[in-house]
Structure formats: structure tokens, C-alpha cells
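Use the sequences and the hints to build the structure in full.
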Amino acid sequence: MRSTKKTQVLSKALALSFLLGAGGCVVLGYDFNKQPPISCERAQDCPGEDSDCGTRACEKGVCKYVNVKPAGESPLGQRLDDCQEFTCDGTGHAVSKPAPDQTPDDGSECTENKCIDGTPLFVPLEQNAACGKDKLLKCDGLGSCAGCTMPSECGDDGPCLKWSCESGVCIRAFEPAGTVVANTVTGDCKAEACDGAGNLGQIPDPNDAADDGDSCTADICKDGATVRESAANGTACGMGCQSCTDGLCGDCSPGFVCEGTACVSVGEQPVGAVCTENPDCMSGFCVQGVCCESACDGKCMGCVNTATGMPNGVCAPALDGNNPGGRCEGADTCVGGKCRCENGVQDGNELKVDCGGSCAPCKGTWVCNGDAGCGAPIAECCFFDCIGCGDETTACFDIQSKECFIGEQSKSFTGGTFWDGCAKCNRMTCICQ
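For the sequence shown, position 152 matches number 152 in the UniProt record's numbering, and the numbering has no gaps at all.
There could be a bad hint or two in this list.
[Said to hold, decoys possible] Taking lysine-lysine pairs in the DSSO-like style, the calculated list, with each CA pair at most 30 angstroms apart, reads:
hint, residue 1, residue 2
1, Lys135, Lys411
2, Lys190, Lys222
3, Lys135, Lys190
4, Lys411, Lys138
5, Lys162, Lys133
6, Lys411, Lys97
7, Lys352, Lys424
8, Lys162, Lys135
9, Lys352, Lys363
10, Lys424, Lys363
11, Lys114, Lys363
12, Lys299, Lys363
13, Lys97, Lys69
[To be verified] Cβ pair distances, simulated, as ranges:
hint, residue 1, residue 2, range
14, Gly375, Gly337, 44 to 54 angstroms
15, Ala376, Gly344, 50 to 60 angstroms
16, Pro361, Gly416, 31 to 41 angstroms
17, Asn199, Gly344, 23 to 33 angstroms
18, Gly421, Asn67, 44 to 54 angstroms
19, Ser358, Gly337, 17 to 27 angstroms
20, Gly201, Ser358, 32 to 42 angstroms
21, Asp157, Met239, 43 to 53 angstroms
22, Gly72, Gly421, 29 to 39 angstroms
23, Val185, Asn67, 34 to 44 angstroms
24, Thr55, Val185, 30 to 40 angstroms
Think of the hints as simulated: they come from the structure by calculation, not from any bench.
Just so we're clear, the structure is a prediction, and the values are computed from it rather than from any experiment.
Virtual Cβ for every residue (Gly too), placed ideally from N, Cα, C.
Put into C-alpha cells, the structure is as follows:
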């Protein structure tokens, strides 16, 4: 599923909550009610960001929030594995607070996933705890399942999950979100795809329209359902010298004559008719096989109804999931009228906005223990046996705030032990974000 601008806002809000301290509620957004009036000519002049809790607007020359959701309502697009919960405050802002039940998953069965005061923490299980497909392998005390000689000892592969055994350690890899695996129902404008967490779900598929078998109709997936538009005038149909005119098959369309067994253009065609090159068209523009009203050469602009849902010959933004003329590079498709890697939205298999997956890699930085860093590790009782809890604070500081690539496996460090009612081990988790 593609996310929206709302997801970006919440991601930014989460980052801000770390800076302000995730231990309590944090109000995120610009408070126009408490600030002096801010003059504007349009909504974009107003500071802050739009979110599902409220949208910036410029009314009578003053900034304000509109489309405000009631207090307590949950905004769309928020993650459910970041130890944070967002709700609307009734004034257009999102409010964050720790959510101990929204634990992340680092992909290892040899760690216990926890939320401590709004911060994700991955605590290694004790050394020699059973792990692997048949529980024949052992945890190494550092968060990994070790002792494998082949991937099949680690677990079963699935359509969205692959196991590998590297240097005796089990590694689990998920297929990127949006990876299409199957299309079990033909013609429902949907396909089965991975969600990025090893699970299989459904996503819209613009190429899975129901085919009515009529050469003179174009079958299009639009808003999740099949709609039918007329094929371009001059489209071959039936047998011999027949072509489509206004969606019906019959004699050669106006401007075409029968030559042999095909209808052939005899001169410049009107907008919306079939063409092979620019001189075929009165407008002088042959785009994607039809005479177009303009050059229509934008990356996500199309002139044929199968790409835009508009009448043939009308230059319009492409429907989501299309790539008219192959102008978007690589595996990109159009979303909101822009190539996915250039649209300012985290979607497809992207790991962050416009990067990761089939786009360029995403750079981030190592953030340890939220914003507290390596100097404030989180203490966990380890009873009387604190094996594997040496002081690795220096190793943690070595990567804190250093550059990384989003998607790298989180790193856990220990900071030594102390006694406080029980033997406690200081633990630090560093996440690339």
C-alpha cells in the first residue's frame, strides 16, 4: 500500500518527539491559536505541515487549520511498531505518547522486543536459548541465532520471506513492500503483494482490469474498479477493413480508407484518432499512438485513455501505477502525476521518501536509545547471571550519529552491570533512521 503525505508528517513528528523527549506527551505542529496572526496569500505560506489531524489554510489573509479531526481520534498512516502512539488534539495537531504495546520487530528470534518509555529496545535472549526451525540451534547471547550450516535449519521461506545462513548465523530478509507475488483473481484490479514485514496482502494493480473482449473498448483500472472507455478512432477491429469509431466496430473510420485488408489513414487525423507519426495528426503531435492536443512530454503525462482515464487525445496526468512512454526510469511508476522516486511521498518499496527500494539508497544516521545516546543506557534486570553484559559503551559511541543506510539491522550494545535491587545490565539499541 502506498503511503501519503500524512505518513511523511507523522514520520517527521516521530523524529521531533525523540528530540523533545518521548517519555511524555508531545504536541506536534504549529499552533496558530497561540501565535500572533500570521498573514498569508495561500496555504503554502503558512508554517508547519498538513496532517490527517488538520490542514493548513489561508482564510481572509490569516493562517489557520481546517478539516480538524476531533480530539482523541487516531490519524491515518502512523506506524504500529515504533513504541509511539499519535492522536489528534482537536486543534489540528498530532500528539505523541509512549505506546508500550506497539513493539518493533528486529527480525531475530533471539531478541526480546520491548518499548521502554517510548524507545524501541531489542534485548538479546540468554546464551544457548533454543532457536531455529526445529529449535536445534542456539542463541549466541548477542541477539543472533547461531550454529546453522544451511538456510533450511533457520526457518521456512515464504513468498515474502527468505532465510540465509551466513558464517553460521541465521539471517532473515523480507521482500520490499509492494513486491507483487501473485494475481489470484483476474480482473479485480488487485494483486497479492508483500507488506515489507514478511506478510502477504493485497494492493491495487492498474494492469488487472477485467477484459470484456471488445477491441473497441479500453479496459482501465480506476479507483479500484474496471471502467471502460472507447478505443481510439481508427483502431483495427473485426475482420478485414474494419475499425473502431466512437467505441463501435464498423467500416473504416473517417479519414481512413481500405487498402487491401486494413484501414489506412489518408491524411491528417483529428485529436483522439490512431496515428503512427506526427504528420498523421492535424495537431502535429502523435503521442502513445493517438493524435494528441499537445506534445504532452512530461514524465507522468499521457494522451491515451488507458494511461490517464481521460478521453483519447487529451493530455492529462497518468493514473497511479502507469508509466506512459516509459519516461519514469527503472521500476518507477507514476503516483499523483509524478514518477514515484520524485513525488515527495514514501510509497512503492521505498524505505524513506523518494529513496530506498528501487530508488537510490537512503542515508540516515545511527540514533542510540532514542535521543539519549550511548551515555544513558536503559537498565534491565538480568537476575544473578549477567553473562554477555560487558561494557561496550565505546563501541556504541563509535557509531552514534554516524552515517548509515536505512534498512540496516539495528545494533545492540551493553554498558556493564550494577546492582539496584537486582543485578541490572545496561543496554543500548542503535537504530538507523
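Going down the list of hints, with the structure as the test:
In summary, the hint linking Lys135 to Lys411 is supported, as the alpha carbons are separated by about 24 angstroms, within the 30 angstroms threshold. Between Lys190 and Lys222 the alpha-carbon distance is near 11 angstroms, which keeps this suggested pair within the 30 angstroms criterion. This hinted pair does not check out: Lys135 and Lys190 have alpha carbons roughly 38 angstroms apart, beyond 30 angstroms. Our distance criterion of 30 angstroms between C-alpha atoms is met by Lys411 and Lys138, whose separation comes to about 19 angstroms.
A hinted pair counts as satisfied when its Cα atoms are at most 30 angstroms apart, and Lys162 with Lys133 qualifies at roughly 13 angstroms. Between the alpha carbons of Lys411 and Lys97 the distance comes to roughly 24 angstroms, so the proposed pair stays at or under 30 angstroms and holds. The suggested pairing of Lys352 with Lys424 is violated, with an alpha-carbon distance near 36 angstroms, which exceeds 30 angstroms. Of the supplied pair hints, the one linking Lys162 and Lys135 holds, its CA atoms being roughly 18 angstroms apart against a limit of 30 angstroms.
Using a Cα cut-off of 30 angstroms, the hinted pair Lys352 and Lys363 holds, with the two alpha carbons roughly 9 angstroms apart. In summary, the hint linking Lys424 to Lys363 is not supported, as the alpha carbons are separated by about 35 angstroms, beyond the 30 angstroms threshold. Of the pairs offered as hints, the one joining Lys114 and Lys363 holds, with about 26 angstroms between alpha carbons and a cut-off of 30 angstroms not exceeded. The straight-line distance between the Cα atoms of Lys299 and Lys363 is roughly 26 angstroms, inside the 30 angstroms bound, and the hint therefore holds.
Of the pairs offered as hints, the one joining Lys97 and Lys69 holds, with about 18 angstroms between alpha carbons and a cut-off of 30 angstroms not exceeded. A C-beta distance of roughly 47 angstroms is found between Gly375 and Gly337, which places it inside the suggested range of 44 to 54 angstroms. At about 35 angstroms, the CB distance of Ala376 to Gly344 disagrees with the hint of 50 to 60 angstroms. For the pair Pro361 and Gly416, the supplied restraint of 31 to 41 angstroms holds, since their beta-carbon distance comes to about 35 angstroms.
Look at Asn199 against Gly344: about 27 angstroms separates their beta carbons, and that is inside 23 to 33 angstroms. At roughly 50 angstroms, the beta-carbon separation of Gly421 and Asn67 lies within the given 44 to 54 angstroms, and the hint holds. At roughly 19 angstroms, the beta-carbon separation of Ser358 and Gly337 lies within the given 17 to 27 angstroms, and the hint holds. A beta carbon spacing of about 19 angstroms between Gly201 and Ser358 contradicts the range 32 to 42 angstroms that was offered as a hint.
At roughly 50 angstroms, the beta carbons of Asp157 and Met239 sit within the given window of 43 to 53 angstroms. Remark: the range hint 29 to 39 angstroms for Gly72 to Gly421 is upheld by a beta-carbon distance near 37 angstroms. Checked against the hint of 34 to 44 angstroms, the pair Val185 and Asn67 passes, with Cβ atoms roughly 35 angstroms apart. Restraint check, Thr55 to Val185: a C-beta distance of roughly 36 angstroms satisfies the suggested window 30 to 40 angstroms.
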